[in-house]
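Spelled out, the chains give:
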Amino acid sequence: MRKARIHITYKNGVLDPEGQTVMQSLSSLGFQGIEDVRIGKFIEIDISSVDNSKKIAEDIKRMCEELLVNLVIENYEIELD
Amino acid sequence: MGFAVIVFPGSNCDHDCFHAICNLLEKPVRYIWHGDTSIEKNEIVIIPGGFSYGDYLRAGAIAKTSPIMKSIKKHANEGRPVIGICNGFQILAESDLLPGTLIRNSSLKFICKNIWIRCESSHSIFTNKMKNKEVLKMPIAHGEGNFFCKKNILEDLEYNQQIIFRYSDSSGSIVKSANPNGSLKNIAGISNKEGNVLGLMPHPERACESILGGKDGLKIFSSALSYSTS
Numbered sequence: 205m206r207k208a209r210i211h212i213t214y215k216n217g218v219l220d221p222e223g224q225t226v227m228q229s230l231s232s233l234g235f236q237g238i239e240d241v242r243i244g245k246f247i248e249i250d251i252s253s254v255d256n257s258k259k260i261a262e263d264i265k266r267m268c269e270e271l272l273v274n275l276v277i278e279n280y281e282i283e284l285d
Numbered sequence: 127m128g129f130a131v132i133v134f135p136g137s138n139c140d141h142d143c144f145h146a147i148c149n150l151l152e153k154p155v156r157y158i159w160h161g162d163t164s165i166e167k168n169e170i171v172i173i174p175g176g177f178s179y180g181d182y183l184r185a186g187a188i189a190k191t192s193p194i195m196k197s198i199k200k201h202a203n204e205g206r207p208v209i210g211i212c213n214g215f216q217i218l219a220e221s222d223l224l225p226g227t228l229i230r231n232s233s234l235k236f237i238c239k240n241i242w243i244r245c246e247s248s249h250s251i252f253t254n255k256m257k258n259k260e261v262l263k264m265p266i267a268h269g270e271g272n273f274f275c276k277k278n279i280l281e282d283l284e285y286n287q288q289i290i291f292r293y294s295d296s297s298g299s300i301v302k303s304a305n306p307n308g309s310l311k312n313i314a315g316i317s318n319k320e321g322n323v324l325g326l327m328p329h330p331e332r333a334c335e336s337i338l339g340g341k342d343g344l345k346i347f348s349s350a351l352s353y354s355t356s
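One line per chain: the protein sequences are L and D, in this order.
Residue numbering for the first sequence is 205 to 285, as defined by my numbering.
Residue numbering for the second sequence is 127 to 356, as defined by my numbering.
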């Protein structure tokens, strides 16, 4: 079994109102020095495959670009165990 | 010549669209389940609002993988009219049938109220029954209607006259205070470059009879019909 972990975050410059609101809430709790908060998604995919790592990595990249990520506003990073 | 309303799991404006076309515009209309694949060549496709697939992953993201979407892409690529309303707009953007995307409202709130939009040109497939710069009243009801795209895409939209509707005040002025959700350039609706695919966040199907506060929405459907029958 292989496991892919995908981190999806907003691109720089894309408004993240949820992140901004959480930042304000953290400040109102008294935490100081918070410069920015960005909220993203974390997806884990378990794969039972006999394919080599290169093929699996290519498939995961396609999954990201065809469905999991909106490339207009999001970036992604893949970790493959 | 008639309309086809696509039904996804979680669509909730499909009956409103059907009612508007059948009982108010008095034209033929049928439902198409998202698992089907056949669209008649002379049909005007409406992708209605709602929460297809519960907005899982992103609004419209899962719906784009439904079987009907291949047929809708073919229909659109053949130059036939497709209208996406609210979640339908989000689905069209996710499917790359329209540029850009709809992100969370800048206020973070779900907004449900009547607003004004200005038709930017009466020459489009969807506005030919309107006057140039006509101001229309219809409701919005969305949490993610904040239109966003890259700067070069925005320039293309303006250059190619793909911005079909902008949020305005009641006199037609495009002002920040009339922008309910933070959309770039007060954009409420855009078309593809060819002009046959329209996406808009406001709900024309909820503004088709006096008892609901106005009939401005009918003009969008009757414009598409007029184009298709000409």
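Rather than coming from a laboratory, the hints here were simulated on the basis of the structure.
Just so you know, even glycine gets a beta-carbon here, dropped at the ideal spot from N, CA and C.
Careful, some of the hints might be misleading.
[As the list claims (entries may be wrong)] Among the chain D residues that face chain L by a calculated CB cut under 10 Å, a handful are: (1) 183; (2) 187; (3) 227; (4) 229; (5) 234; (6) 272; (7) 274.
[Said to hold, decoys possible] Now the in silico label distances, taken between C-beta atoms and shown as ranges: (8) L/225 <-> D/239: 16 to 24 Å; (9) L/250 <-> D/356: 50 to 58 Å; (10) D/239 <-> L/259: 45 to 53 Å; (11) L/279 <-> D/286: 37 to 45 Å; (12) D/180 <-> L/263: 19 to 27 Å.
[Claimed, not checked] Calculated pairs, DSS-like style, for lysine-lysine (alpha carbon to alpha carbon, straight line, at most 30 Å): (13) L/245 <-> D/259; (14) D/200 <-> L/265; (15) D/302 <-> L/265; (16) D/259 <-> D/311; (17) D/302 <-> L/215.
Mind checking the hinted window 50 to 58 Å against the Cβ distance between residue 250 of chain L and residue 356 of chain D?
About 55 Å separates the Cβ atoms of residue 250 of chain L and residue 356 of chain D, which means 50 to 58 Å holds.
Supplied distance hint 16 to 24 Å, evaluated on CB atoms of residue 225 of chain L and residue 239 of chain D
22 Å, holds
Are residue 274 of chain D and chain L close enough, Cβ to Cβ, to be under 10 Å, as the hint says?
6 Å, holds
Would you say the C-beta atoms of residue 279 of chain L and residue 286 of chain D sit inside 37 to 45 Å of each other?
28 Å, violated
Holds or violated: are the alpha carbons of residue 245 of chain L and residue 259 of chain D at most 30 Å from each other?
41 Å, violated
Measure nothing beyond the straight line between the CA atoms of residue 259 of chain D and residue 311 of chain D; if it is 30 Å or shorter, mark the hint as holding.
16 Å, holds
Assessment of proposed distance window 19 to 27 Å (beta carbons of residue 180 of chain D, residue 263 of chain L):
26 Å, holds
Could you tell me whether the CB distance from residue 239 of chain D to residue 259 of chain L stays inside 45 to 53 Å?
51 Å, holds
Residue 302 of chain D paired with residue 265 of chain L [C-alpha distance capped at 30 Å]:
39 Å, violated
Given a cut of 10 Å on the nearest C-beta pair, is the interface hint for residue 229 of chain D held or broken against chain L?
6 Å, holds
Does the closest beta carbon of chain L sit nearer than 10 Å to the beta carbon of residue 272 of chain D?
7 Å, holds
Double-check residue 234 of chain D for me: the hint is only fine if its C-beta lies closer than 10 Å to a C-beta in chain L.
5 Å, holds
Checked against the numbered hints above, the structure breaks hints 11, 13, 15 and satisfies the rest.
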